[in-house]
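Chains as they are written, first to last, in the numbering used here: chain X, 1 to 145; chain C, 1001 to 1145.
Accuracy of the hints is not assured; some may be wrong.
[To be verified] Only part of the chain X face toward chain C is listed, based on derived beta-carbon distances under 10 angstroms: (1) Leu-5; (2) Leu-41; (3) Ala-42; (4) Ala-49; (5) Ile-56; (6) Asp-60; (7) Val-74; (8) Gly-76; (9) Gly-80; (10) Tyr-83; (11) Ile-94; (12) Thr-112.
Hints in this document: simulated from the structure, not taken from any laboratory. Where a beta carbon is used, it is the ideal one built from N, C-alpha and C, also for glycine.
Number of protein chains: 2
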Amino acid sequence: MNHSLKIYCAGPIRGDLRHVESYYQIVALVWQLGHTPLTELALSETEAAKASDKDIFLRDLQWLQQADALVAEVSGPSLGVGYEIAYALHALTIPVLCVRKHSSNELSAMITGNFSRQLTIKEYLSGQELDQIVKEFLKDLESDR
Amino acid sequence: MNHSLKIYCAGPIRGDLRHVESYYQIVALVWQLGHTPLTELALSETEAAKASDKDIFLRDLQWLQQADALVAEVSGPSLGVGYEIAYALHALTIPVLCVRKHSSNELSAMITGNFSRQLTIKEYLSGQELDQIVKEFLKDLESDR
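Looking at chain X on its own, in the form it has when it is part of the complex (with noise of 0.2 angstroms):
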């Protein structure tokens, strides 16, 4: 496949992990669907275990700055998913998806007040819904390019 996009996945690692199946969920079909998922996840146990605080922010930073795009889960609340949003949003201008469980905890407004043309939400009732939201996205993305 020549249309392989790296698609930054954010989601809550430490904190509120209430949400962490369908931020799996989303690294997964980022992966299967022929794209590059860039996220802590996809690095052995080893590796990640042995990052410090600053080596992350670093590695996340740069990951951003390569990311053809990011995909949010925010269905929690997060504060290192709020600062990539906002990195991405701001400092590097790259198309963002923020997908959220229905009936989940009340949104901040710093999302759902934004109007950045670069920002999409979108709320999902089941995991094929969030599935659904994902490749369309990913199909937009590519039909963009």
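We have chain X already, so just place chain C on it with the hints.
This is chain C only, laid out in the frame that chain X set:
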């Protein structure tokens, strides 16, 4: 007082409210020291209630653009607070103080591993210590003017 600084105060308003008292304390202290806290808490209830999410997003971004610095309570996870920290550091490059209650949740590596020269991270044990940290940060800001 003619050293009045505009300080954007960030803290969880939706979501995890366990540390909201510390946020109130920061806002009150900034005010008592003769500076201007930029925060929804300074608005009347009617003004705050009638703002749509788009109004909030735009208002908060404009406040950040006017601010001399950002003080953020980061003891709990929050997409909005993470967003504001990244915007302040990367889009505005203004000084940011993150304060965090000792023994609160593990903090994101996007904060703890962040080696931006504009970022200061401090832990507090008591309300008195929190006051001291914020006072020193504001004093340093004034002497840098």
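Ala-42/X was flagged as interface toward chain C. Is the shortest Cβ-Cβ separation under 10 angstroms?
violated, 17 angstroms
Status of the Ala-49/X interface restraint (C-beta, 10 angstroms, chain C):
violated, 13 angstroms
Residue hint Ile-94/X, partner chain C, criterion CB-CB below 10 angstroms
violated, 13 angstroms
Leu-5/X as chain C interface residue, shortest Cβ-Cβ below 10 angstroms:
violated, 23 angstroms
Tell me if Asp-60/X is really an interface residue toward chain C, meaning its C-beta lies closer than 10 angstroms to one of theirs.
Holds - the Cβ of Asp-60/X comes within 10 angstroms of chain C, reaching about 7 angstroms at its closest.
When the least beta-carbon distance from Val-74/X to chain C is tested against 10 angstroms, hint result:
holds, 6 angstroms
Is the hint on Ile-56/X kept, meaning its closest Cβ partner in chain C is under 10 angstroms away?
Nearest chain C Cβ about 4 angstroms off; hint holds.
Min Cβ distance, Tyr-83/X to chain C: is it shorter than 10 angstroms?
It holds, given that the least Cβ distance between Tyr-83/X and chain C is near 4 angstroms, below 10 angstroms.
Would the stated hint for Gly-76/X survive a check requiring a Cβ distance to chain C of less than 10 angstroms?
holds, 7 angstroms
Any CB of chain C closer than 10 angstroms to the CB of Thr-112/X?
Holds, about 4 angstroms.
Classify the hint on Gly-80/X as holds or violated, based on whether any CB of chain C lies nearer than 10 angstroms to its CB.
holds, 3 angstroms
Please verify that hint: Leu-41/X, Cβ, nearest Cβ of chain C, below 10 angstroms or not.
violated, 15 angstroms
Figure legend: structure checked against the earlier numbered hints; hints not met, in rising order: 1, 2, 3, 4 and 11.
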